[in-house]
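Undergrad: Chains A and B, in that order, are what the protein sequence lines are. Take the first sequence: its position 102, counted from the start at 1, is 101 in numbering that gives the first Met the number 0, and no numbers get skipped. Take the second sequence: its position 417, counted from the start at 1, is 416 in numbering that gives the first Met the number 0, and no numbers get skipped.
Any given hint could be a false lead.
The list treats identical chains as one, so a pair stands whether inside a single copy or across any two.
30 Å max Cα-Cα, derived DSBU-like pairs, lysine-lysine [as the list claims (entries may be wrong)]:
no.	residue 1	residue 2
1	Lys270	Lys102
2	Lys158	Lys401
3	Lys367	Lys401
4	Lys319	Lys50
5	Lys295	Lys50
6	Lys270	Lys295
7	Lys449	Lys270
8	Lys295	Lys449
9	Lys319	Lys367
Worth flagging that the hints you see were computed from the coordinates, not collected in a lab.
Number of protein chains: 2
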Amino acid sequence: MPTAIRVSVIGAGSAQFSLGLVKDLCLTASLAGSQVCFMDIDQERLEMIHKLAARYAGELGADLRFERTTDRAAALRDCDFVIHTAYVQGHHHARAMRDLTAKHGYYYGGIHLGDFYNIRLMLDVARDMERICPDAWLIMSGNPVFTGCTHLTRETSIKVCGLCHGHYGVYEIARTIGLEPQHITWQAPGLNHNIWLTHFISEGQDAYPLLDEWIATQGEEYWRSHVANRTHDIQLSRAAVHQYHMYGLFPIGDTVRRGGWWYHTDLATKKHWFGEPWGGPDTELARPLFVADLEKRIAEMTRLTNDPKASLVEAFGREKTTEQQVGIIDGLVNDNEGQFQVNVPNQGALEGIPGDVVVELPALVNRKGIQPLRVGTLPPKIMLEHVLPEWLQMERDLLSFKTGDRSMLLWHVLDSHQTRSYDQAVAVLDDLLAMEGNSEMAERYRFPEKW
Amino acid sequence: MPTAIRVSVIGAGSAQFSLGLVKDLCLTASLAGSQVCFMDIDQERLEMIHKLAARYAGELGADLRFERTTDRAAALRDCDFVIHTAYVQGHHHARAMRDLTAKHGYYYGGIHLGDFYNIRLMLDVARDMERICPDAWLIMSGNPVFTGCTHLTRETSIKVCGLCHGHYGVYEIARTIGLEPQHITWQAPGLNHNIWLTHFISEGQDAYPLLDEWIATQGEEYWRSHVANRTHDIQLSRAAVHQYHMYGLFPIGDTVRRGGWWYHTDLATKKHWFGEPWGGPDTELARPLFVADLEKRIAEMTRLTNDPKASLVEAFGREKTTEQQVGIIDGLVNDNEGQFQVNVPNQGALEGIPGDVVVELPALVNRKGIQPLRVGTLPPKIMLEHVLPEWLQMERDLLSFKTGDRSMLLWHVLDSHQTRSYDQAVAVLDDLLAMEGNSEMAERYRFPEKW
Numbered sequence: 000m001p002t003a004i005r006v007s008v009i010g011a012g013s014a015q016f017s018l019g020l021v022k023d024l025c026l027t028a029s030l031a032g033s034q035v036c037f038m039d040i041d042q043e044r045l046e047m048i049h050k051l052a053a054r055y056a057g058e059l060g061a062d063l064r065f066e067r068t069t070d071r072a073a074a075l076r077d078c079d080f081v082i083h084t085a086y087v088q089g090h091h092h093a094r095a096m097r098d099l100t101a102k103h104g105y106y107y108g109g110i111h112l113g114d115f116y117n118i119r120l121m122l123d124v125a126r127d128m129e130r131i132c133p134d135a136w137l138i139m140s141g142n143p144v145f146t147g148c149t150h151l152t153r154e155t156s157i158k159v160c161g162l163c164h165g166h167y168g169v170y171e172i173a174r175t176i177g178l179e180p181q182h183i184t185w186q187a188p189g190l191n192h193n194i195w196l197t198h199f200i201s202e203g204q205d206a207y208p209l210l211d212e213w214i215a216t217q218g219e220e221y222w223r224s225h226v227a228n229r230t231h232d233i234q235l236s237r238a239a240v241h242q243y244h245m246y247g248l249f250p251i252g253d254t255v256r257r258g259g260w261w262y263h264t265d266l267a268t269k270k271h272w273f274g275e276p277w278g279g280p281d282t283e284l285a286r287p288l289f290v291a292d293l294e295k296r297i298a299e300m301t302r303l304t305n306d307p308k309a310s311l312v313e314a315f316g317r318e319k320t321t322e323q324q325v326g327i328i329d330g331l332v333n334d335n336e337g338q339f340q341v342n343v344p345n346q347g348a349l350e351g352i353p354g355d356v357v358v359e360l361p362a363l364v365n366r367k368g369i370q371p372l373r374v375g376t377l378p379p380k381i382m383l384e385h386v387l388p389e390w391l392q393m394e395r396d397l398l399s400f401k402t403g404d405r406s407m408l409l410w411h412v413l414d415s416h417q418t419r420s421y422d423q424a425v426a427v428l429d430d431l432l433a434m435e436g437n438s439e440m441a442e443r444y445r446f447p448e449k450w
Numbered sequence: 000m001p002t003a004i005r006v007s008v009i010g011a012g013s014a015q016f017s018l019g020l021v022k023d024l025c026l027t028a029s030l031a032g033s034q035v036c037f038m039d040i041d042q043e044r045l046e047m048i049h050k051l052a053a054r055y056a057g058e059l060g061a062d063l064r065f066e067r068t069t070d071r072a073a074a075l076r077d078c079d080f081v082i083h084t085a086y087v088q089g090h091h092h093a094r095a096m097r098d099l100t101a102k103h104g105y106y107y108g109g110i111h112l113g114d115f116y117n118i119r120l121m122l123d124v125a126r127d128m129e130r131i132c133p134d135a136w137l138i139m140s141g142n143p144v145f146t147g148c149t150h151l152t153r154e155t156s157i158k159v160c161g162l163c164h165g166h167y168g169v170y171e172i173a174r175t176i177g178l179e180p181q182h183i184t185w186q187a188p189g190l191n192h193n194i195w196l197t198h199f200i201s202e203g204q205d206a207y208p209l210l211d212e213w214i215a216t217q218g219e220e221y222w223r224s225h226v227a228n229r230t231h232d233i234q235l236s237r238a239a240v241h242q243y244h245m246y247g248l249f250p251i252g253d254t255v256r257r258g259g260w261w262y263h264t265d266l267a268t269k270k271h272w273f274g275e276p277w278g279g280p281d282t283e284l285a286r287p288l289f290v291a292d293l294e295k296r297i298a299e300m301t302r303l304t305n306d307p308k309a310s311l312v313e314a315f316g317r318e319k320t321t322e323q324q325v326g327i328i329d330g331l332v333n334d335n336e337g338q339f340q341v342n343v344p345n346q347g348a349l350e351g352i353p354g355d356v357v358v359e360l361p362a363l364v365n366r367k368g369i370q371p372l373r374v375g376t377l378p379p380k381i382m383l384e385h386v387l388p389e390w391l392q393m394e395r396d397l398l399s400f401k402t403g404d405r406s407m408l409l410w411h412v413l414d415s416h417q418t419r420s421y422d423q424a425v426a427v428l429d430d431l432l433a434m435e436g437n438s439e440m441a442e443r444y445r446f447p448e449k450w
């Protein structure tokens, strides 16, 4: 007997995400009869998603109902699951901020100001859920997952589970070194965007020696000749292996993309560490491509929407995606148990991190809930040089979010390794807060009384 | 009835310290009959201290016995108290290291490599004490107090109490703003070199408003006109008040001297923040004066030693110093209770810091022991921007000390805000470890196996 649920997607205008979700729901018979409500503030995009979803489900003969609304409260009514995939201030605003910091001498951004707008939206959604659908799960698929999920689990009564794509990097490792991805098992706990491969097993055997052998015999050649086929193709980059050799565990996914400031000082340095042709996803070469690619996909969806004869099943396929949302829902409501990489409050699962901090780790998901595995420890060096400093940064982000203390933003700017003087920090912060699109932040953040 | 004890001074060649201790012992009748053993590896300095101490006590008619030895085990025999004031690698080595880093583009040092030699010596002393005088107190008067005391309390069974001078800064505040130092009470907990004035009370009233008024009405004039009378005269500097206005609590003593990297980028910046004529104690102008001053005092002591007719009481006075060592000893052995600023394992006294980390806070000292006051919390902003990051740095220092992992030294260099590239960090670390005087460290620290 299938179980019909109601799931709402906040920020459903993210076309690729919404259609992936629809696909997975269509292909999950045990959720037949369910309703999907798309919510976004972009009416036009919403229409498109709604049409494509209904057509795709129709082609497959799947029993799903679709709604669309720009009214968040209406979307949340009677919800069992809320998937948050919204991102306030888009790629173009981020680019404008990078352009502005460049005028102050920063290379590619280089400044972290917290995520005021996105954390505020997440909190607004969760507060609405407390009123309207207090028992629903909030599946957080928008960034910042780490800071946002920690804040919501502390400040609201809503059950939150954060999801990210970074952990799929382990399959890239497998493929690159010649292992069958479907034959590996692995474990990579930590914080979101800061996870480390504690276990890497292929056909029952430790596969780290195979990775070591690949690095020893093929690494140099790979770094010389490999040309990334997409901007995020850095899982086996020099930077990743450098971190692995420093820490003894391989960094996975977005972990690689970050590391220390020294991988990121300029384009030539980034190309050395992250490879040709773009130097990883975070450069002036890569980012426009990434954004253009997103826009190309939207254009393709628009074309499909306007061509009623096009086969959507042909366009989107009939295979499930590798996304975890629907699998988790199916586990929770139908007891179809699965193991997932989730971001949930620690409560002792990862040693050395406070209980109320959201960590990323494997969990069994079934009718009993989302139950993380107690993974024990990470090596102390990783804790002291990566995990705990990032925990403090998250706590500073949340404290400044809660207090609106502008001197904490200034401290963030000063904390950037690229900042060269106090006056530079003051000037760039002033200019950032005076930018179009940042006025609510400028209004909210004030210096302490005695400043 | 006085109680006779045996106290050994490790590193007794620090002439000023040893004679201050002798003075305080001479002027503490309840410790009459005690023995003081001076231990140092500098035979000549040892002779001088021993002679001056005996003469000074003789002039005062104090009942104390003095020994001297270059043999640490002999010094520790039957000890009740061991005062560690040794500092391996002196000011001249520190200067040579600064000169070398300057060649790599660093301003005034700018790199932290932990304190391998000093922590190793502290551990050696404590291990000897475990064998020879396991019940004695170790009073740690040498740096690094924070890292060293934490390490010893974790790794040995010796009771350790660390002492520092920084907290006297609160009396400089009182004097500068026109309060009677003897009429104030105060509290300034934290970590060593990282303490914050939570309470500042003059004649029973909160004195912070008086400090605010002084800053408002006289601060600018003071910063324009004040000329430091000694290199460490920075307690009311612009940097101190800037930190106060950022955090709401006044930073005390060496806390001021540190703050953020942005106070320390170059001499002109340091003069702005820490005042004329030297820009605080940590500049190329101030440090030679500080060292010259120490050497002048040694010369003066040598002169006194060679002039048997000189009155030492006239030269050194007959007032107790403001040092805490003898007062603490008197409290512990004679129940002459006092309140002191100590560095002891936290065990819940300061919230938000693990129990086995040594914190600096007020303690009552009497026959019951050294009992810290449970001071509660510091503001979260101070914890997240100062105290907890420094805790992590201490833990990294100890982990690298224990593992001998050279990549952690490299990480320290990279973590310096002055480091501009990975290659620069590698080069300066190589050169530092190849320096004369650093060979044991170079021997000890190795890169990880897969490096």
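Undergrad: Would you mind marking each hint as holding or not holding in the structure?
TA: Evaluated hints:
Proximity of Lys270 and Lys102 under a CA criterion of 30 Å is satisfied in both settings, with 23 Å inside one chain copy and 28 Å between copies. In this assembly of identical chains, Lys158 and Lys401 lie within 30 Å of each other by CA distance solely inside one copy; the values are 21 Å within and 42 Å between copies. In the homo-oligomer, the alpha carbons of Lys367 and Lys401 never lie at most 30 Å apart, since the shortest distance is 34 Å inside one protomer and 43 Å across protomers. Taking the shortest alpha-carbon separations for Lys319 and Lys50, only the intra-copy value of 20 Å comes in at or below 30 Å, while the best inter-copy value is 88 Å.
Taking identical chains as interchangeable, the C-alpha atoms of Lys295 and Lys50 lie at most 30 Å apart only when both belong to the same chain, with a minimum of 19 Å there against 88 Å between chains. Taking the shortest Cα distances, Lys270 and Lys295 sit within 30 Å of each other inside one copy (26 Å), while across copies they are farther apart (56 Å). In this homomeric assembly, Lys449 and Lys270 come within 30 Å of each other (Cα to Cα) only across copies, at 23 Å, whereas the closest approach inside a single copy is 46 Å. Taking the shortest alpha-carbon separations for Lys295 and Lys449, neither the intra-copy value of 51 Å nor the inter-copy value of 43 Å comes in at or below 30 Å.
Proximity of Lys319 to Lys367 under the C-alpha cut-off of 30 Å is restricted to the intra-copy arrangement: shortest distance 25 Å within a copy versus 70 Å between copies.
The earlier numbered hints that this structure contradicts are 3, 8.
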